[in-house]
Amino acid sequence: MIKAVVFDFDGLIIDTETVWFDSFTEVLGRYNVEFPLEIFLPCVGTKGTIIDEYIEEKLGNNVTVKEVRQLVRECHREKIIDLEVREGVRDYLTQAKELGLKIGLASSSDREWIDHFLKKLDLLHYFDVIKTGDEVKMVKPDPEVYLQCLDALNVSSTEVVAFEDSNNGAKAAKAAGITCVIVPNPITAKLTFDHYDVRIESMAGQLLTEVLNKMA
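For the sequence shown, position 146 (counting from the first letter as 1) is numbered 150 according to our numbering, and the numbering increases by one without interruption.
Everything labelled a hint here was simulated from the structure, so no lab data went into it.
Using N, Cα and C, we set each Cβ at its ideal position, and we do this for glycine too.
Take the hints with a grain of salt, since some may be wrong.
[What the hints assert, rightly or not] Derived DSSO-like pairs: lysine-lysine, alpha-carbon spacing no greater than 27 Å straight-line:
| no. | residue 1 | residue 2 |
| --- | --- | --- |
| 1 | K218 | K124 |
| 2 | K51 | K124 |
| 3 | K7 | K101 |
| 4 | K62 | K51 |
| 5 | K7 | K194 |
| 6 | K101 | K83 |
| 7 | K141 | K83 |
| 8 | K123 | K7 |
| 9 | K83 | K194 |
| 10 | K51 | K218 |
| 11 | K101 | K194 |
[What the hints assert, rightly or not] Using C-beta positions, here's what the derived DEER-type ranges look like:
| no. | residue 1 | residue 2 | range |
| --- | --- | --- | --- |
| 12 | D155 | V67 | 37 to 47 Å |
| 13 | E38 | E102 | 40 to 50 Å |
| 14 | E102 | A156 | 19 to 29 Å |
| 15 | D132 | V67 | 43 to 53 Å |
| 16 | H129 | N158 | 26 to 36 Å |
| 17 | E38 | D95 | 15 to 25 Å |
| 18 | E60 | L103 | 22 to 32 Å |
| 19 | D86 | D155 | 29 to 39 Å |
| 20 | D132 | K51 | 17 to 27 Å |
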């Protein structure tokens, strides 16, 4: 019996991932450097070093990784000012409450980052438990953040369904023994997913109850 649902944040609740990709593309373009999607995709849902290594390789003699990262953050900050909740997310949260399910959030991002958006978008009150990257030793694809979430929700892995948009997130959920639903965003839709149970293209496409019934 499903007693809880757990959501990822970046890329799933709001599509920050597409904005990050666009920001890296724009900033590196100022130096006449392309930013291939295959460099970005492995880092979605985790805190990988592939991007930093690529920047160092392409621009090491001209500018530091730290300086490029700062420019990307500034660009990203401007682009996300009016970012909205992904289609169907608020409906799923509302339906989960109506069903009496506990609601968790498990993310590799920092708590301050997540709280800012949840408050701004009036979503914070939906979540019973929030576990973030600054509370664990290892971020996704390591399952630690999910295991902490399960413990805080006081449920077993077989009583939970996780919603993820990335391979790293899906690997973390499955490693924790949790059933995983993939809801890709425009960037991660290009990925080949190996670790999941059900894939839906949007939370607006079908009711939460319909998705949960597939797990029965």
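Hints, one by one, checked against the model:
no., hint, verdict
1, K218 - K124, "violated (33 Å)"
2, K51 - K124, "holds (24 Å)"
3, K7 - K101, "holds (11 Å)"
4, K62 - K51, "holds (20 Å)"
5, K7 - K194, "violated (32 Å)"
6, K101 - K83, "violated (31 Å)"
7, K141 - K83, "violated (30 Å)"
8, K123 - K7, "holds (25 Å)"
9, K83 - K194, "holds (22 Å)"
10, K51 - K218, "violated (32 Å)"
11, K101 - K194, "violated (32 Å)"
12, D155 - V67: 37 to 47 Å, "holds (43 Å)"
13, E38 - E102: 40 to 50 Å, "holds (47 Å)"
14, E102 - A156: 19 to 29 Å, "holds (22 Å)"
15, D132 - V67: 43 to 53 Å, "holds (44 Å)"
16, H129 - N158: 26 to 36 Å, "violated (20 Å)"
17, E38 - D95: 15 to 25 Å, "violated (38 Å)"
18, E60 - L103: 22 to 32 Å, "violated (48 Å)"
19, D86 - D155: 29 to 39 Å, "holds (36 Å)"
20, D132 - K51: 17 to 27 Å, "holds (26 Å)"
Checked against the numbered hints given earlier, the structure breaks hints 1, 5, 6, 7, 10, 11, 16, 17, 18 and satisfies all the rest.
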